[in-house]
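Q: One letter stands for each residue in the lines below.
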Amino acid sequence: MPFQVVSDDLLRKVAALGRRVNYEKGALIYDVGDKADDIYIIVSGQVEHTLEPTAQARRPVKRLGAGDVFGWAALLEKFPHRLAKAVCEEATEIVRINGDHLLRTLETDPDAGDVVMSRFATMITRDYTVPDLIAQLRRIHRRMHASDIQGMDLTLFRFRQWIRSPRPYLMLMGFALFLGFWYLAVEVLKLPRFREMPGLTTVVKEWISPNPTYGLSIYTPEYYKHIGVSVWRVAQAFMLATLLGVPFGLFLGWSKKFKEYVFPVFELLRPIPVLAWVPLAIVMFIATESAVIYLTFLAAFFTTSLNTMLGVESIDESYVRAAYCLGARRWQVFLHVIAPGALPFIFTGLQISMGVSWFSLVAAEMVSGQYGLGYVINTSYTTVRYPTIFIGMITLGFVGYATSALVRLLGDYLMQWRTRELALGGQ
Amino acid sequence: MAAVTRAEALQASATRGAITLDNVVKIYDPDRAAVMAVDHCSLDIRAGEICMIVGPSGCGKTTLLNAIAGFHEITSGQILLDGEVLCCSEKPKAEPGSDRIVVFQNGALFPWKTNLENVAFGPIMQGSLTKAGAKEKALEMMADAGLAGVEHNYPGEVSSGVRRRVEIVRALMNDPKVLLLDEPYRALDSLTKSVMHEALLEIYYKNRVTIFFITHDLEEAIFLGHRVAIMTTRPCKPKKILEVDIPHPRTYSVLTSKRFRELMEETTESVHEEALKAFDAGEKEG
Chain A
-13 MPFQVVSDDL LRKVAALGRR VNYEKGALIY DVGDKADDIY IIVSGQVEHT LEPTAQARRP
47 VKRLGAGDVF GWAALLEKFP HRLAKAVCEE ATEIVRINGD HLLRTLETDP DAGDVVMSRF
107 ATMITRDYTV PDLIAQLRRI HRRMHASDIQ GMDLTLFRFR QWIRSPRPYL MLMGFALFLG
167 FWYLAVEVLK LPRFREMPGL TTVVKEWISP NPTYGLSIYT PEYYKHIGVS VWRVAQAFML
227 ATLLGVPFGL FLGWSKKFKE YVFPVFELLR PIPVLAWVPL AIVMFIATES AVIYLTFLAA
287 FFTTSLNTML GVESIDESYV RAAYCLGARR WQVFLHVIAP GALPFIFTGL QISMGVSWFS
347 LVAAEMVSGQ YGLGYVINTS YTTVRYPTIF IGMITLGFVG YATSALVRLL GDYLMQWRTR
407 ELALGGQ
Chain B
1050 MAAVTRAEAL QASATRGAIT LDNVVKIYDP DRAAVMAVDH CSLDIRAGEI CMIVGPSGCG
1110 KTTLLNAIAG FHEITSGQIL LDGEVLCCSE KPKAEPGSDR IVVFQNGALF PWKTNLENVA
1170 FGPIMQGSLT KAGAKEKALE MMADAGLAGV EHNYPGEVSS GVRRRVEIVR ALMNDPKVLL
1230 LDEPYRALDS LTKSVMHEAL LEIYYKNRVT IFFITHDLEE AIFLGHRVAI MTTRPCKPKK
1290 ILEVDIPHPR TYSVLTSKRF RELMEETTES VHEEALKAFD AGEKEG
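In the order they appear, the protein sequences are chains A and B. -13 is the number of the first residue of the first sequence in our numbering; add one for each residue after it. 1050 is the number of the first residue of the second sequence in our numbering; add one for each residue after it.
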């Protein structure tokens, strides 16, 4: 059972390790305490398998037939000896595979090896009903499971899992449907309200044309200048918002007194939309550049602070109490419990904050500035260059998505404990 | 037999970790609706014993534990540890400290630290050991408790049974006088629970500390405890204190022994009575 649906190549390698052995009726294959080297697969016949009492199996006695696998103690790191007694009830043909050799072979294809090992784990808990061999089962897993992977490798591991899941194909389907609708609605069916819109083919042609009709495509240097300016503005505003917002939010959540002073003011300012800040920003900052960055920063700062504060408040009181019990002082609790405990919320906040940054940036750029994607969209509108508007919008989508993905990657990297749990859960 | 005498010798030699609860009263006063959670509760917990506190859910057992640990204030009375006052009317809240470590109901291993970092946490925070020294000691203690192999995993990657063992080892790293356990095995299935009980006893035989163990499971209480204090429900005070005269070390065979069944019979009724009272009170409140 553990070897079902493994690649033929790996299956051949495993089969090559096997040795066929025949046992007579009543023969003892092994007894409790024997050295455990091999695992056994029954080709034909019948075997009675009795687990020793200390293994605490719910049903210690099990009758095994053709296709069943036993002798898995050979795959447990801490049990070099047999936990059960196995006796042939009739003449039995068996394939024996050395446990160490099997593991080494599985390691040549770690992904498939993973699958085989976790099937062994399931088999031991479900079929052999051994409840608290869990700790040892984990040890099987760990020989090559996600828990040994760190940092970027772990991200790659999750990426490989993603590629092998149906999710990327569903995603592509989603895109195809969306673009298909655009194409049909505008260029084929010419639906009302869509008629005036530039069609998919018009936009794509303009976008990849060396001589764009309206002056902006992937061949023109201005295109990259606009992207560069916008990215740089968002980067500055986002960094500033993170550097100020995270510590600010941590203190808001950590100190009741600080929160009582500051939070009402904070809540009063937070709902004011970015556009309402524009006049003030222009008065405060003579240079348009700093005004745009200031506006972008504002929205991101509120989002980051609020999420960080909620993150601190979400931390289970037990963790704080446990830290005090173990002799931690107040600042140590802040450093070792509050800050890491709030990280999941902080990163959720940062992802939202990144989105909000782009949102406010475009709003700010539409009001002032000479470069940037928001500026492109706004000027194309006033000069009636509709395909260019779409180029600006789509580019914004891509760049925004990429920056969010970067934040997510950083989060995965800093929160190894969560990433590893997710990876073990197959996500 | 040798093991028996060793365990008994250990208990006789335990000289620290005696807790005295002296007329402890705790009144919660939300919206001036004074609720008496603990009413003049007096109880002596002997140095080095396993004292089981049994009572229905919500009877005020955890309030006692929180007062000893220093998480909550008491209203009056006093609590002493080895003759020293932890809290009293003048100083209603004890300082939390590494001489009294709590193992929490839902577990409180830091999920963002590996099991090893969790175990080494206490001495590093207190500055009693260097980082390297603490890790070395943690490795040793984990190996001793049968936890070799999970050191570099995060708590979320191991089974709940393993997590509980790691948490107890984390507490023992600080050489506490008292372990305060708040229904630590409540969420475990009965099979895992039985394994955990034996593991706890094994650890206890090696590291003699006083154990203050809250539970609502009478069988668990009699199996583990030297003494079982059955508490009344709201306000909480000892109703009956049972001396469990089954010698330590114990194994699971105790559960089927005649004496164990007798003790169960003796106490089941009074526990049931309190459970009924708690149920009725809950009905009224509801």
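Hint data in this document are derived by calculation from the structure and do not stem from the laboratory. Any given hint could be a false lead.
Partial list, computed: chain B residues near chain A (C-beta under 10 Å) [what the hints assert, rightly or not]:
{"hint": "1", "residue": "F1120"}
{"hint": "2", "residue": "T1124"}
{"hint": "3", "residue": "K1140"}
{"hint": "4", "residue": "P1141"}
{"hint": "5", "residue": "E1144"}
{"hint": "6", "residue": "R1149"}
{"hint": "7", "residue": "A1157"}
{"hint": "8", "residue": "G1171"}
{"hint": "9", "residue": "E1216"}
{"hint": "10", "residue": "N1223"}
{"hint": "11", "residue": "P1287"}
{"hint": "12", "residue": "K1289"}
{"hint": "13", "residue": "I1290"}
Listed below are the simulated EDC-like cross-link pairs for lysine to aspartate or glutamate, each with C-alpha atoms no more than 20 Å apart in a straight line [stated by the list, open to error]:
{"hint": "14", "chain 1": "B", "residue 1": "K1162", "chain 2": "A", "residue 2": "E75"}
{"hint": "15", "chain 1": "B", "residue 1": "K1142", "chain 2": "A", "residue 2": "E303"}
{"hint": "16", "chain 1": "B", "residue 1": "K1307", "chain 2": "B", "residue 2": "E1251"}
{"hint": "17", "chain 1": "B", "residue 1": "K1162", "chain 2": "A", "residue 2": "D302"}
{"hint": "18", "chain 1": "B", "residue 1": "K1140", "chain 2": "B", "residue 2": "E1122"}
{"hint": "19", "chain 1": "B", "residue 1": "K1255", "chain 2": "B", "residue 2": "D1224"}
{"hint": "20", "chain 1": "B", "residue 1": "K1162", "chain 2": "A", "residue 2": "E407"}
{"hint": "21", "chain 1": "B", "residue 1": "K1289", "chain 2": "B", "residue 2": "D1071"}
{"hint": "22", "chain 1": "A", "residue 1": "K242", "chain 2": "A", "residue 2": "E303"}
{"hint": "23", "chain 1": "B", "residue 1": "K1162", "chain 2": "B", "residue 2": "E1122"}
{"hint": "24", "chain 1": "B", "residue 1": "K1142", "chain 2": "B", "residue 2": "E1189"}
{"hint": "25", "chain 1": "B", "residue 1": "K1255", "chain 2": "B", "residue 2": "D1148"}
{"hint": "26", "chain 1": "A", "residue 1": "K11", "chain 2": "A", "residue 2": "E75"}
{"hint": "27", "chain 1": "B", "residue 1": "K1162", "chain 2": "A", "residue 2": "E303"}
{"hint": "28", "chain 1": "B", "residue 1": "K1289", "chain 2": "B", "residue 2": "E1318"}
Selected chain A positions facing chain B (Cβ under 10 Å, derived; list incomplete) [claimed, not checked]:
{"hint": "29", "residue": "V174"}
{"hint": "30", "residue": "S304"}
{"hint": "31", "residue": "A308"}
{"hint": "32", "residue": "V319"}
{"hint": "33", "residue": "H322"}
{"hint": "34", "residue": "G327"}
{"hint": "35", "residue": "A388"}
{"hint": "36", "residue": "A391"}
{"hint": "37", "residue": "L392"}
{"hint": "38", "residue": "R394"}
{"hint": "39", "residue": "D398"}
{"hint": "40", "residue": "R404"}
C-beta atoms are modelled at their ideal positions from N, C-alpha and C, and glycine is treated no differently.
Q: Decide, hint by hint, whether the structure agrees.
A: We went through each hint and held it up to the structure:
1. F1120: Holds - the Cβ of F1120 (chain B) comes within 10 Å of chain A, reaching about 6 Å at its closest.
2. T1124: Interface hint status for T1124 (chain B): violated (21 Å vs cutoff 10 Å).
3. K1140: violated, 17 Å
4. P1141: Violated: closest Cβ of chain A sits about 17 Å from P1141 (chain B), beyond 10 Å.
5. E1144: holds, 9 Å
6. R1149: R1149 (chain B) check passes; min Cβ-Cβ to chain A is 7 Å, inside 10 Å.
7. A1157: Constraint on A1157 (chain B) satisfied, holds at 4 Å.
8. G1171: Holds, because the Cβ-Cβ distance from G1171 (chain B) to chain A comes to roughly 4 Å (cut-off 10 Å).
9. E1216: holds, 8 Å
10. N1223: Check passed: Cβ of N1223 (chain B) comes within 6 Å of chain A, closer than 10 Å.
11. P1287: Because about 25 Å separates P1287 (chain B) from the closest Cβ in chain A, which is outside the 10 Å limit, the hint is violated.
12. K1289: The hint is violated - K1289 (chain B) has no Cβ within 10 Å of chain A, the shortest such distance being about 30 Å.
13. I1290: violated, 27 Å
14. B:K1162 / A:E75: violated, 50 Å
15. B:K1142 / A:E303: Status holds; Cα separation ~17 Å.
16. B:K1307 / B:E1251: violated, 23 Å
17. B:K1162 / A:D302: holds, 15 Å
18. B:K1140 / B:E1122: holds, 8 Å
19. B:K1255 / B:D1224: holds, 12 Å
20. B:K1162 / A:E407: With Cα atoms ~13 Å apart, K1162 (chain B) and E407 (chain A) stay inside 20 Å; holds.
21. B:K1289 / B:D1071: Holds, because 17 Å separates the two Cα atoms, which is no more than 20 Å.
22. A:K242 / A:E303: Measuring from Cα to Cα gives roughly 15 Å; hence the hint holds.
23. B:K1162 / B:E1122: Outside the cut-off at roughly 31 Å; violated.
24. B:K1142 / B:E1189: violated, 35 Å
25. B:K1255 / B:D1148: holds, 18 Å
26. A:K11 / A:E75: holds, 5 Å
27. B:K1162 / A:E303: Given that 20 Å is the threshold and the Cα spacing comes to 17 Å, the pair holds.
28. B:K1289 / B:E1318: Roughly 11 Å separates the two Cα atoms, so the pair holds.
29. V174: Where the cut-off is 10 Å and the nearest Cβ of chain B is about 52 Å from V174 (chain A), the hint is violated.
30. S304: holds, 4 Å
31. A308: Since the shortest Cβ distance to chain B is 4 Å, the answer is holds.
32. V319: Constraint on V319 (chain A) satisfied, holds at 9 Å.
33. H322: holds, 7 Å
34. G327: holds, 7 Å
35. A388: For A388 (chain A), the interface hint is violated, since the closest Cβ of chain B sits about 28 Å away, which is over 10 Å.
36. A391: Since chain B brings no Cβ nearer than about 23 Å to A391 (chain A), farther than 10 Å, the hint is violated.
37. L392: violated, 22 Å
38. R394: Where the cut-off is 10 Å and the nearest Cβ of chain B is about 18 Å from R394 (chain A), the hint is violated.
39. D398: Interface hint status for D398 (chain A): violated (14 Å vs cutoff 10 Å).
40. R404: holds, 8 Å
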